[in-house]
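In this text, residue positions in the sequence shown follow our numbering: the first is 2, and each later residue adds one.
Honestly, the hints are just simulated from the structure, not real lab data.
Warning: the hint list may mix true and false statements.
Stated by the list, open to error - Quick list of simulated restraints, FRET-style, between CB atoms:
#, residue 1, residue 2, range
1, Gly168, Gly86, 20 to 30 Å
2, Asn80, Asp112, 16 to 26 Å
3, Lys190, Leu466, 35 to 45 Å
4, Ala33, Lys373, 39 to 49 Å
5, Leu419, Leu458, 35 to 45 Å
Each residue gets a CB set at the ideal place from its N, CA and C atoms; glycine is no exception.
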Amino acid sequence: MLLLMGMPIFLLELVVGQYSGLGPDQAFTNMAPFFNGLGYCTLVVITLITIYYMVIIAWTIFYFFASFTDQLGFGSCHNDFNTMGCFSATEDSKCTSNQTYYNKQCTLVDDICKSKDFDGAVNKTFCIKGDSVVHISHVINRTLATYEYFRDYVLGIGDSTWENFGGLRWELLLCLLLSWIIGYLCVVKGVKTSGKAVYFTALFPYVILTALVVQGAVLEGAVDGILLYITPRWEMLLNVDVWANAASQTFYSFGIGCGSLITLASYNDFNNNCLKDAMIVTAANAFTSVYAGFAIFSMLGFLAHQMGVPVEDVAQDGPGLAFVAYPEAILRLPAPTVWAILFFFMLFILGLGSQFAGIEAISCLILDKWPKMRKYQIYVTLAICVVCFILGIPMCFNGGVYLFTLMEWNTASWAILLIGLGEVGVVSWLYGCNRFLDDMANMNMELSKPARWYWWLCWVIITPLTLLVI
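Given these sequences and hints, build the entire structure.
This is the structure we're talking about:
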């Protein structure tokens with residue numbers, strides 16, 4: 002995906018932005034006036050992504066502040082919202098060898114097994130009935146304390162539905178407001194401020210990530226998680242959904258199809274070697290993804306070992322990984338408070354850094370459309386942040402996660418893939434791929450014949466066909 006789609010479209014967007022010196026709306030209008038709506042599509046997508054992604058940042062702020070306690074709240078089952086099946090590893094460690102934590106207290110495993118029509122307990126982990134031995138997790142309905150904390154306290158889902166959206170979660174609203182205030186202060190003067198802030202937001206997370214990798218590598222069970230991570234399962238290559246998810250993830254992680262790359266590239270010097278930039282950034286992105294995988298799966302392997310279940314059973318996707326599985330692993334580490342603070346601070350910094358380009362892309366489109374407003378850039382940026390904050394408020398309600406899921410699915414998957422296909426089509430088929438390659442040469446990016454043929458084949462045939470098939 003990196004070579005077939007990621008790098009070709011990444012470079013394409015950089016060249017479009019740098020050569021035109023404009024945002025996506027004006028750039029595509031100049032290239033193919035009939036497709037001027039393509040730029041506005043990127044505006045819609047980046048606006049939606051910016052709105053819901055700030056909600057994720059609000060969640061990380063919520064957890065970050067919740068981590069400044071001796072007893073981490075997301076690991077406790079003694080809250081009003083916890084259910085009878087809530088399981089806390091911290092509380093379970095206080096039980097005797099023949100007890101387990103159930104119904105908010107240490108309970109004899111033998112009593113639990115017999116109450117569920119088993120003959121008794123083999124040990125703390127298994128119930129027995131005749132010749133059958135069943136894990137305790139399959140006998141009683143258990144939910145991790147971290148899951149109940151995220152679902153019932155942070156999100157406050159409860160019995161909310163689309164029809165019964167519930168009330169406003171004021172704690173989340175304040176976290177969302179704080180995230181937008183910090184975001185605004187970082188981009189208040191455009192690339193002048195965001196360009197400085199990005200040095201910290203892009204580099205500091207590597208320090209924490211490295212600490213997590215080192216800590217994870219020495220934990221029991223970490224090898225099992227890493228083996229699951231690096232062992233290829235070739236049969237999955239026959240699954241179309243795997244390819245579609247890989248394509249969506251490639252686009253999303255590279256920022257393709259959102260207009261942000263074109264916007265940032267428009268500030269480049271005309272003779273900047275954006276081909277070199279594309280190579281470095283895409284390679285660094287791929288490396289970071291692989292590197293982060295070791296931090297994640299070593300912890301998941303440790304968590305699976307602690308729980309006595311396969312690694313596949315604890316691996317989750319989406320918010321569940323960052324706000325349920327990983328916090329559960331952190332609770333079982335030495336000095337969990339320190340690791341929780343570092344982890345959620347890292348998530349906050351990463352999320353905030355990714356928002357700079359989104360806000361800048363929206364601002365650039367407005368200022369390109371109405372150049373006279375450039376002298377009011379500070380107020381334009383403020384208006385963007387205020388409007389996006391207001392539009393994000395519904396996701397701070399009890400049922401807000403339903404709206405969040407809907408927005409995420411309709412922007413971070415098929416929408417950006419369609420925009421990417423449209424961009425390749427406009428550049429290679431309407432504007433002309435040879436003409437586009439000549440534009441690169443005009444910016445002092447001379448290509449050898451093999452390189453020129455490679456990019457021509459990608460933009461004209463390989464990339465659009467791959468997108469169509471997916």
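Evaluated hints:
1. Gly168 <-> Gly86: 20 to 30 Å: holds (25 Å)
2. Asn80 <-> Asp112: 16 to 26 Å: The hint (16 to 26 Å, Cβ to Cβ) holds, given that Asn80 and Asp112 are roughly 25 Å apart.
3. Lys190 <-> Leu466: 35 to 45 Å: holds (43 Å)
4. Ala33 <-> Lys373: 39 to 49 Å: violated (27 Å)
5. Leu419 <-> Leu458: 35 to 45 Å: Roughly 22 Å apart at Cβ, these two residues miss the hinted range, so it is violated.
Violated hints, in rising order: 4 and 5; the structure is consistent with all others.
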